[in-house]
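Undergrad: What follows is the residue order along each chain.
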Amino acid sequence: MDTSTFELKSDINGRMHVSLKHDSAHKHVSGEAEYIDDIPEMAGTLHGAVGLSICAHGEIVAIDLEAVRSAPGVVRVFTGKDVPGVNDVPGGGARGGPVPPPRRGESRGPPFSPVFAGPGGAPPRPGAGEKAEKKASAAFPRCG
Amino acid sequence: MTDAIRFILNGDDITLTSVRPTETLLDYLRLQRRLTGTKEGCAEGDCGACTVLVGRLVDGVLVYESVNACIRFLASLHGTHVVTVEHLAGANGALHPIQQAMVDCHGSQCGFCTPGFVMSLYGLWLSTEKPTRADIERALPGNLCRCTGYEPIIRAAEQVSATRPSSIFDPLERNRTDILARLWTLRSGETIRIETDGEKLVIPGTTGALAEVLAEEPKATIVAGSTDVGLWVTKQMRPLGTVIFINNLSELQAIHASDRGISIGAGVTYSQALDTLSTHIPALKPFIHRIGGEQVRNMGTIGGNIANGSPIGDTPPPLISLGSSVNLHSKAGTRMVPLDIFFIDYGKQGRRPDEFVESIFVPLPPAENHVGVYKITKRRDEDISAVCGAFNLSLADDNTVRAIRIAYGGMAGTPKRALSVEAFLRGKPWTEETVLAARDQFDRDYKPLTDWRASAEYRQLTAKNLLLRFFLESTGTPQGLTRFEEVA
Numbered sequence: 001m002d003t004s005t006f007e008l009k010s011d012i013n014g015r016m017h018v019s020l021k022h023d024s025a026h027k028h029v030s031g032e033a034e035y036i037d038d039i040p041e042m043a044g045t046l047h048g049a050v051g052l053s054i055c056a057h058g059e060i061v062a063i064d065l066e067a068v069r070s071a072p073g074v075v076r077v078f079t080g081k082d083v084p085g086v087n088d089v090p091g092g093g094a095r096g097g098p099v100p101p102p103r104r105g106e107s108r109g110p111p112f113s114p115v116f117a118g119p120g121g122a123p124p125r126p127g128a129g130e131k132a133e134k135k136a137s138a139a140f141p142r143c144g
Numbered sequence: 001m002t003d004a005i006r007f008i009l010n011g012d013d014i015t016l017t018s019v020r021p022t023e024t025l026l027d028y029l030r031l032q033r034r035l036t037g038t039k040e041g042c043a044e045g046d047c048g049a050c051t052v053l054v055g056r057l058v059d060g061v062l063v064y065e066s067v068n069a070c071i072r073f074l075a076s077l078h079g080t081h082v083v084t085v086e087h088l089a090g091a092n093g094a095l096h097p098i099q100q101a102m103v104d105c106h107g108s109q110c111g112f113c114t115p116g117f118v119m120s121l122y123g124l125w126l127s128t129e130k131p132t133r134a135d136i137e138r139a140l141p142g143n144l145c146r147c148t149g150y151e152p153i154i155r156a157a158e159q160v161s162a163t164r165p166s167s168i169f170d171p172l173e174r175n176r177t178d179i180l181a182r183l184w185t186l187r188s189g190e191t192i193r194i195e196t197d198g199e200k201l202v203i204p205g206t207t208g209a210l211a212e213v214l215a216e217e218p219k220a221t222i223v224a225g226s227t228d229v230g231l232w233v234t235k236q237m238r239p240l241g242t243v244i245f246i247n248n249l250s251e252l253q254a255i256h257a258s259d260r261g262i263s264i265g266a267g268v269t270y271s272q273a274l275d276t277l278s279t280h281i282p283a284l285k286p287f288i289h290r291i292g293g294e295q296v297r298n299m300g301t302i303g304g305n306i307a308n309g310s311p312i313g314d315t316p317p318p319l320i321s322l323g324s325s326v327n328l329h330s331k332a333g334t335r336m337v338p339l340d341i342f343f344i345d346y347g348k349q350g351r352r353p354d355e356f357v358e359s360i361f362v363p364l365p366p367a368e369n370h371v372g373v374y375k376i377t378k379r380r381d382e383d384i385s386a387v388c389g390a391f392n393l394s395l396a397d398d399n400t401v402r403a404i405r406i407a408y409g410g411m412a413g414t415p416k417r418a419l420s421v422e423a424f425l426r427g428k429p430w431t432e433e434t435v436l437a438a439r440d441q442f443d444r445d446y447k448p449l450t451d452w453r454a455s456a457e458y459r460q461l462t463a464k465n466l467l468l469r470f471f472l473e474s475t476g477t478p479q480g481l482t483r484f485e486e487v488a
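Chains as they are written, first to last, in our numbering: chain A, 1 to 144; chain B, 1 to 488.
Since the hints were derived computationally from the structure, they do not count as laboratory data. Just so it is clear, the structure is predicted and the values come from calculations on it, not from any experiment. Glycine is no exception: its CB is placed at the ideal position from the N, C-alpha and C atoms. Some hints here could point you the wrong way.
[Stated by the list, open to error] Over the 12 Å line for every Cβ pair with chain A, so calculated as not near, a few chain B residues:
{"#": "1", "residue": "R133"}
{"#": "2", "residue": "A162"}
{"#": "3", "residue": "E195"}
{"#": "4", "residue": "G205"}
{"#": "5", "residue": "T206"}
{"#": "6", "residue": "S258"}
{"#": "7", "residue": "D259"}
{"#": "8", "residue": "Y346"}
{"#": "9", "residue": "Q479"}
[As the list claims (entries may be wrong)] Each pair of labels, with its calculated beta carbon distance range:
{"#": "10", "chain 1": "A", "residue 1": "T45", "chain 2": "B", "residue 2": "W184", "range": "40 to 46 Å"}
{"#": "11", "chain 1": "A", "residue 1": "P72", "chain 2": "B", "residue 2": "Y346", "range": "32 to 38 Å"}
{"#": "12", "chain 1": "A", "residue 1": "A67", "chain 2": "B", "residue 2": "L468", "range": "50 to 56 Å"}
{"#": "13", "chain 1": "B", "residue 1": "L31", "chain 2": "A", "residue 2": "P72", "range": "19 to 25 Å"}
{"#": "14", "chain 1": "A", "residue 1": "L20", "chain 2": "B", "residue 2": "S188", "range": "49 to 55 Å"}
{"#": "15", "chain 1": "B", "residue 1": "Y346", "chain 2": "A", "residue 2": "R69", "range": "34 to 40 Å"}
{"#": "16", "chain 1": "B", "residue 1": "L468", "chain 2": "A", "residue 2": "I39", "range": "53 to 59 Å"}
{"#": "17", "chain 1": "B", "residue 1": "A257", "chain 2": "A", "residue 2": "V75", "range": "57 to 63 Å"}
{"#": "18", "chain 1": "A", "residue 1": "S10", "chain 2": "B", "residue 2": "E173", "range": "41 to 47 Å"}
{"#": "19", "chain 1": "B", "residue 1": "S278", "chain 2": "A", "residue 2": "T45", "range": "45 to 51 Å"}
{"#": "20", "chain 1": "B", "residue 1": "P286", "chain 2": "A", "residue 2": "D11", "range": "49 to 55 Å"}
Using the sequences and the accompanying hints, generate a full structural model.
TA: The structure is reproduced here in structure tokens:
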């Protein structure tokens, strides 16, 4: 057999007990590895901030976002009503969930109002000026 | 010369005439210089992804220390050498030995925290010739890794310690003389004033100038290490008004020990104070090791820790128990205030708006005194006290309590003495029976609050138990749990 046409390997890649360098190790240690935050922003990029529920279990009766909408630099505020189709965002586990929750909050801290502002300025403070009236439903513990 | 912030960034001379007082070094590096190897993680000086080295002249010697760029204000870098991860590799892209060791030992996985670890290891490597395992662990609490794990990183630190800085491959060693000369030329001693978009910053050249500035602008925010004030900006988005940076003031950098005690300038960092304090008051050594991470210890000052009046500041309880006082300076002169009465109420200290903290005087306890200080936190390193108890006991020949000073943090709106406990113990025999009986007195001295660090009940019980712990240790029964002898 003419071995000049291909290279005979005496070993396989990645077998046990062989030290393999991380593909990106060089970039990691030199600071050259690029993460999303390292990519230059396009001109006109908007900054988003998320308003979070302060109540673990409660019913959203009304959300008053006027103060947020009228804050300087705010372009658009979204709530669950703005999601077309099925409001189901994949979560980290097996089941997704509605974001922002349309009516009933089931855990403390789910986002209910992404706010987009900018460009150029700092995003508005999450939660600033928001007032969500909540009513503890009989089925859930009262908010404390 | 025009008023400007002047420093060296890696190899470049930087002159900035337009700097907002709250602009951070991290934003400057990433957004303006596009040096994106320095990462933003927590933006509060905890995770260390933003770690860079800052070289500065300390008593004429060029010292490089790791700091958190996220809470370090750009203006505070006047007269320093800022070194980022981009400066390490050779011109041909060859990795620095620190970087190579991290690759060889598999010290990265997702890689986001890695530049920060590289810089912390670099700081350790420059300052410590043969680091022990404990030295390495103490250099790394301020860097959080959540996927690789610390063992490969610690192995990298051990591997690289076989190499010492050489001008062949190390840029800081190669350019040390040059950088030193350039930094000397930036030390003018003149006051710098910069106004940008209506926001003012001042860098006083002398303490006299600082007093003048404060007389003009008593509402200004004085910033030393910015390990607290930095978070007012990055987390609370609080406006600071005019900012006065004092970290550059060499007059506030001195720490002196005499037979009477130790005088600590308001600009002395925890790292700078460590040797002197732990030589004269050994109980403080393991305590200082548990303040923040290495980057915070390299920036934060004892003066700032006192001046900001936090009820959970680390240093006030031991300093109060030792009978320290604070030296306040204004145009009208100077005055000494005992530290225990300096803290008046939550958010209220005995500093007039036109005064600044110039130094702290810590009397040396007699060698036969028992001194103890205990910090109770949810995790051992880089955490804030739930409760901190400090004790300074003098026993008479007949084993009765001649004098005792006890102070706690986290038990009231201010760091506070346990005056009823002290009074109960004074003159009584120093026995377990006395100590157990004294515990009721805590209910007279303190009514702690419940917050996310601890409940009121936990705090009260812990405070009582710490007195018992102090008793046991003062009678030769160590109570601390240690993982490594040297680390704890």
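Undergrad: For every hint, state whether the structure bears it out.
TA: Right, here's what the structure says about each hint:
1. Every Cβ of chain A is farther than 12 Å from the Cβ of B:R133; the closest lies at roughly 22 Å, confirming the non-interface assignment.
2. Listed as outside the interface, B:A162 is consistent with that label: its C-beta sits roughly 18 Å from the nearest C-beta of chain A, beyond the 12 Å cut-off.
3. With a minimum CB-CB distance of about 21 Å to chain A, B:E195 clears the 12 Å threshold, and the non-interface call stands.
4. No beta-carbon of chain A comes within 12 Å of the beta-carbon of B:G205; the shortest separation is about 33 Å.
5. Even its closest Cβ contact with chain A, about 36 Å, leaves B:T206 beyond 12 Å, as expected for a residue assigned away from the interface.
6. With a least beta-carbon separation of about 46 Å from chain A, B:S258 lies farther than 12 Å from that chain, consistent with its non-interface assignment.
7. Residue placement check: B:D259 keeps its beta carbon more than 12 Å from all beta carbons of chain A (closest about 50 Å).
8. Interface exclusion of B:Y346 from chain A stands, the closest Cβ pair being 24 Å apart, more than 12 Å.
9. The beta carbon of B:Q479 sits about 37 Å from the closest Cβ of chain A, which is more than 12 Å, so the claim that it is off the interface holds.
10. Distance hint check: the CB atoms of A:T45 and B:W184 are about 43 Å apart, consistent with the given range 40 to 46 Å.
11. Between A:P72 and B:Y346 the beta carbon distance is about 33 Å. The supplied range of 32 to 38 Å therefore holds.
12. For the hinted restraint 50 to 56 Å between A:A67 and B:L468, the CB-CB distance of approximately 53 Å keeps it satisfied.
13. In this structure the hint that B:L31 and A:P72 lie 19 to 25 Å apart at CB holds, the actual value being about 21 Å.
14. For A:L20 and B:S188, the hinted distance range of 49 to 55 Å is satisfied, since their beta carbons lie about 54 Å from each other.
15. Roughly 36 Å separates the CB atoms of B:Y346 and A:R69, a value that falls within the hinted 34 to 40 Å.
16. The hinted window of 53 to 59 Å between B:L468 and A:I39 holds, with their beta carbons roughly 57 Å apart.
17. Distance hint check for B:A257 and A:V75: the Cβ-Cβ separation is about 60 Å, which falls inside the suggested range of 57 to 63 Å.
18. Against the hinted window of 41 to 47 Å, the Cβ-Cβ separation of A:S10 and B:E173 comes to about 42 Å, which satisfies the hint.
19. A hinted range of 45 to 51 Å for the beta carbons of B:S278 and A:T45 is consistent with their spacing of about 50 Å.
20. For the hinted restraint 49 to 55 Å between B:P286 and A:D11, the CB-CB distance of approximately 50 Å keeps it satisfied.
Every hint, counting from the list given before, is met by this structure.
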